[in-house]
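Given these sequences and hints, build the entire structure.
Line by line, the protein sequences are chains A and B.
Residues in the first sequence are numbered consecutively from 0, following numbering that gives the first Met the number 0.
Residues in the second sequence are numbered consecutively from 0, following numbering that gives the first Met the number 0.
In short, the hints are calculated from the structure, not lab data.
Everything hinted at is true.
Example chain A residues on the side facing chain B (calculated, C-beta under 8 angstroms, incomplete):
#1 1
#2 6
#3 58
#4 59
#5 106
Glycine is no exception: its CB is placed at the ideal position from the N, C-alpha and C atoms.
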Amino acid sequence: MTTRILHKPEISPAATVAAFDAIIAEVQEKGISADELEQLKVKWRSDYYAMLEGGRGGYMPKYGLMHLLACFSLFDGEPQLVNSILDGFLQVTPEQVQAAAKKYLVKENRAIVFRAPVAPPESAGEQEAA
Amino acid sequence: MKGPQIAIENKILGNGLRVVVAPDSAAPVVTVGIYYKIGFRLEPQGRSGFAHLFEHMMFQGSANAPKMEHIKLINSSGGVLNGSTMYDVTNYYEAVPSNALERVLWLEADRMRALKVDDENLNNQRDVVKEEVRVNVLNQPYGGFPWLDMPPVAFRNWANAHNFYGDFADLDAASLSDVQTFFKTYYLPNNAVLLILGDVKPTEGFALAEKYFGDIPPGPPPPFADPNEPAQSEERRGSVEEKFGTLPAIAIGYVMPKRRSGNGAPWRCSIRRSMADVPAGSIATLCWKSKSRSRPTAAWTIFLAITALRK
Numbered sequence: 000m001t002t003r004i005l006h007k008p009e010i011s012p013a014a015t016v017a018a019f020d021a022i023i024a025e026v027q028e029k030g031i032s033a034d035e036l037e038q039l040k041v042k043w044r045s046d047y048y049a050m051l052e053g054g055r056g057g058y059m060p061k062y063g064l065m066h067l068l069a070c071f072s073l074f075d076g077e078p079q080l081v082n083s084i085l086d087g088f089l090q091v092t093p094e095q096v097q098a099a100a101k102k103y104l105v106k107e108n109r110a111i112v113f114r115a116p117v118a119p120p121e122s123a124g125e126q127e128a129a
Numbered sequence: 000m001k002g003p004q005i006a007i008e009n010k011i012l013g014n015g016l017r018v019v020v021a022p023d024s025a026a027p028v029v030t031v032g033i034y035y036k037i038g039f040r041l042e043p044q045g046r047s048g049f050a051h052l053f054e055h056m057m058f059q060g061s062a063n064a065p066k067m068e069h070i071k072l073i074n075s076s077g078g079v080l081n082g083s084t085m086y087d088v089t090n091y092y093e094a095v096p097s098n099a100l101e102r103v104l105w106l107e108a109d110r111m112r113a114l115k116v117d118d119e120n121l122n123n124q125r126d127v128v129k130e131e132v133r134v135n136v137l138n139q140p141y142g143g144f145p146w147l148d149m150p151p152v153a154f155r156n157w158a159n160a161h162n163f164y165g166d167f168a169d170l171d172a173a174s175l176s177d178v179q180t181f182f183k184t185y186y187l188p189n190n191a192v193l194l195i196l197g198d199v200k201p202t203e204g205f206a207l208a209e210k211y212f213g214d215i216p217p218g219p220p221p222p223f224a225d226p227n228e229p230a231q232s233e234e235r236r237g238s239v240e241e242k243f244g245t246l247p248a249i250a251i252g253y254v255m256p257k258r259r260s261g262n263g264a265p266w267r268c269s270i271r272r273s274m275a276d277v278p279a280g281s282i283a284t285l286c287w288k289s290k291s292r293s294r295p296t297a298a299w300t301i302f303l304a305i306t307a308l309r310k
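Spelled out as structure tokens, the structure:
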């Protein structure tokens, strides 16, 4: 599960990762509210059906459904899973969210890649304008 | 809450080809897909990028459909097409007006049965792939980030960690015999699934599948990639250079449990796609804007983690 962050150059990468970690830690320690989780489920369910209909920038009708049917056929022999996996998502409880955060979102279970801009060249425009 | 049930029928042909039909006559369009169970993970060491290079070769002509015929027939029918290579699958797909369904199945069956490859096409596509890498990765701001940057930092098993787009030296080393071997090993009806969605009746879909694909001979079941990693005991970090963009970027990746392991989940394929765009945009803002905006983002992250656990 990979998250991508772009940040302002005046903030250090270490401070950025620390800000990310603080949010993860908050969920690990306090969990999330039922209301918050409910809102996420609404969004998840909406995205799921939108994904089935479209995909590939919208130019391929039913790309998402095709993709799930293919994967569930090749890896599970059960394309009908497309009709039931949403139930599992919607049954998630706040306690499970907190437990998953504690178990999996830990430093010894992750990798971080820093993509650092090379120093920008002196403005080429100035030379041309001289 | 019970969601709408999508009509699905599936069967397996005598040669092992799985066929799935999902009828929906709301619009006179059919989407056809063929997925082969072969992706980046299984390309041989010394041949990084080969699975994707091979995908390109599938558009270079087959026994009865000369080069460009496939694209010409789909486009002239008013359809669209493409293919893509992923970790464990490679797909080829078309969407056409439903009266062109049979044409599409004929084309897909012809290249499954008898792909036609030669050195000229291989050299040509090798150059096309290199250009694709130059455009999408080497000369693109944040190109390949993080999908190409994360694996070598996060993983130790070559199958998971290598350059999936391909080192140029490896692409150069690919030979015609590599292409033929790859085709014979993995592009088998018993290593694939055919999907027909949209304006088609299941009986019609299955009959056409049998007509065009039924006599393609199967082969020995191909090996599947071993994705296992040695145990990780500490955080791993790496850095790469950004040549064009001016903002620093960070990718943070957590290893999730194996699908369907214990109480694991069957949705690796779905999550991988959806996850990419959910936290990314909002996390960029979370560190610098109001704290209230940060919570939903964190919850998304965790929610996605827990969904990987449930069956």
